[in-house]
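Visitor: If you want the building blocks of each chain, they are given just below.
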Amino acid sequence: EAGVAQSPRYKIIEKRQSVAFWCNPISGHATLYWYQQILGQGPKLLIQFQNNGVVDDSQLPKDRFSAERLKGVDSTLKIQPAKLEDSAVYLCASTITSGFHTDTQYFGPGTRLTVL
Amino acid sequence: AQKITQTQPGMFVQEKEAVTLDCTYDTSDPSYGLFWYKQPSSGEMIFLIYQGSYDQQNATEGRYSLNFQKARKSANLVISASQLGDSAMYFCAMSASSNTGKLIFGQGTTLQVKP
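Sequence order for the protein chains is A and B. The working numbering numbers the first residue of the first sequence as 1 and each following residue consecutively. The working numbering numbers the first residue of the second sequence as 1001 and each following residue consecutively.
These aren't lab readings, by the way, just hints derived from the structure by calculation. Misleading hints may appear alongside valid ones.
Capping the alpha-carbon separation at 30 Å, the derived lysine-lysine pairs in DSS-like fashion look like this [to be verified]:
no., chain 1, residue 1, chain 2, residue 2
1, B, Lys1016, B, Lys1073
2, B, Lys1016, A, Lys44
3, B, Lys1003, A, Lys44
4, B, Lys1003, A, Lys62
5, A, Lys83, B, Lys1016
6, A, Lys83, A, Lys15
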């Protein structure tokens, strides 16, 4: 079974530019999460989708970040315009069921973003 | 609100010895799950072990075991017979029944295994 796929693995941009990250969850997984991990910290949730609906986006900086999961499968996270403090690893995770607290989340390899 | 605390920024262990990584948590939810993940330098988060709040026995997965002390709100990870490949960052995380399944992570502990 293929794992969670993410691309690109690395991205370097200048501040005020835009960037997009892509995630394809494990096949059949209903719930998809985007986390931001700043260097030296644990990941923090940005947004959670259940199928193609948003469950939790309370920590998403909506003035610059947006995300979609149009067909309930893969997802795109966009930052426009980027700031220096957006430099982080962006992790995508998925679970087979609908966001129960007992579900194990499986993570992709992450996208390391550097904003100069 | 839920909180995870990992008080050991870095740990060293000799190859083939056992090591305990500490984790304490705080939640008012009666039902919750506790997870440990390993993050090598490559960046991917690898699931290691899970403990449910109502589980009577400590979870074990191969060389990994979770020392769950509910009254103390601690969920320490024990790695037996350490290997060089165990060198990585380790994160404790929690998900509670009230928070839609999202994980709350601690700050992490860096483990270095010495040959």
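Visitor: All hints are to be evaluated individually against the structure, with a verdict given for each.
Guide: Hints, one by one, checked against the model:
Restraint check for B/Lys1016 and B/Lys1073: the C-alpha separation of about 29 Å stays at or below 30 Å, so the hint holds. Of the supplied pair hints, the one linking B/Lys1016 and A/Lys44 is violated, its CA atoms being roughly 33 Å apart against a limit of 30 Å. With a CA separation close to 12 Å, the supplied pair B/Lys1003 and A/Lys44 stays within the 30 Å bound. Taken as a hint, the B/Lys1003 and A/Lys62 pair is honoured in the structure, with Cα atoms around 24 Å apart against an allowance of 30 Å.
Distance restraint check for A/Lys83 and B/Lys1016: the Cα-Cα separation of roughly 45 Å exceeds the 30 Å cut-off, and the hinted pair is therefore not satisfied. Using a Cα cut-off of 30 Å, the hinted pair A/Lys83 and A/Lys15 holds, with the two alpha carbons roughly 5 Å apart.
The earlier numbered hints that this structure contradicts are 2, 5.
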